[in-house]
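Protein chains in written order, with our numbering: chain A, 1 to 116; chain B, 1001 to 1117.
No lab work stands behind these hints: they were computed from the structure.
Do not rely on the hints blindly, as some may be mistaken.
Computed from the model, here is a short list of chain B residues facing chain A with C-beta under 10 Å [to be verified]:
{"#": "1", "residue": "V1013"}
{"#": "2", "residue": "Y1025"}
{"#": "3", "residue": "Y1033"}
{"#": "4", "residue": "Q1039"}
{"#": "5", "residue": "S1042"}
{"#": "6", "residue": "M1045"}
{"#": "7", "residue": "F1068"}
{"#": "8", "residue": "A1087"}
{"#": "9", "residue": "F1091"}
{"#": "10", "residue": "A1093"}
{"#": "11", "residue": "S1097"}
{"#": "12", "residue": "N1104"}
{"#": "13", "residue": "G1108"}
{"#": "14", "residue": "K1109"}
Please read all numbers here as calculations on a predicted model, not as lab measurements.
For glycine and all other residues, C-beta sits at the position ideal for the given N, C-alpha and C.
Listed here are the chains, written in short residue letters.
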Amino acid sequence: DSGVTQTPKHLITATGQRVTLRCSPRSGDLSVYWYQQSLDQGLQFLIQYYNGEERAKGNILERFSAQQFPDLHSELNLSSLELGDSALYFCASSRGLAGSSYNEQFFGPGTRLTVL
Amino acid sequence: AQTVTQSQPEMSVQEAETVTLSCTYDTSESDYYLFWYKQPPSRQMILVIRQEAYKQQNATENRFSVNFQKAAKSFSLKISDSQLGDAAMYFCAYRTSYGGSQGNLIFGKGTKLSVKP
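Same shape as in the complex, but just chain A:
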């Protein structure tokens, strides 16, 4: 158990819908990262938050957004869902930013999203 929790574990929805994925980082971790794992794109970085502020963006679609709340949990919002959005979405957390030692990222179990 990494200490990172993600809910829900599975999500099945229809095209055009909107969903929210939730992540609670390990106690004391300030950084939260969201990754998408799909068959065709592999593991891709979406977005990073640090202590409530957006820190970096990767290959995140405009239909997707995220935020980190004062209690440091994070939510990833996916809207106008398409079939191609079906993927495993991981959240990872770390103590700080890049540069501080290994700053190891601990991954949650992921949320499996299926868009029908």
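Go by the hints and put chain B onto chain A.
Below, chain B without anything else, positioned relative to chain A:
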């Protein structure tokens, strides 16, 4: 931009034997971190081993060791005495070490390792 390449989509090894998974990367940075992650059928991402670029000594974690060749930008993973539980997808990953910058991981496409009894 940094890239990570794993040229072996699938590998197979006999139980108790040794296998080496390859990874190459491209970067213009001089300091960075490299990682190998294991993803078993449960889909959980598990950190196997990590290497700091400025350390010449290759990292070792029990049966797992790396061969880090900085000049060649190569970072291979050796699994000794392979066990059935080693069967999984293995991802090589890169992360910058510069403070204040984005700290996301850049992953390769992965290598699926099968272990034969």
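Verification of the hints:
1. V1013: Violated - the Cβ of V1013 of chain B stays beyond 10 Å from chain A, reaching only about 23 Å at its closest.
2. Y1025: violated (15 Å)
3. Y1033: holds (6 Å)
4. Q1039: holds (9 Å)
5. S1042: Status holds, d = 8 Å.
6. M1045: Holds - the Cβ of M1045 of chain B comes within 10 Å of chain A, reaching about 4 Å at its closest.
7. F1068: violated (15 Å)
8. A1087: Status violated, d = 18 Å.
9. F1091: For F1091 of chain B, the interface hint holds, since the closest Cβ of chain A sits about 6 Å away, which is under 10 Å.
10. A1093: holds (8 Å)
11. S1097: holds (6 Å)
12. N1104: holds (4 Å)
13. G1108: holds (8 Å)
14. K1109: holds (5 Å)
Consistency with the previously given hints fails for numbers 1, 2, 7, 8, ordered from lowest to highest.
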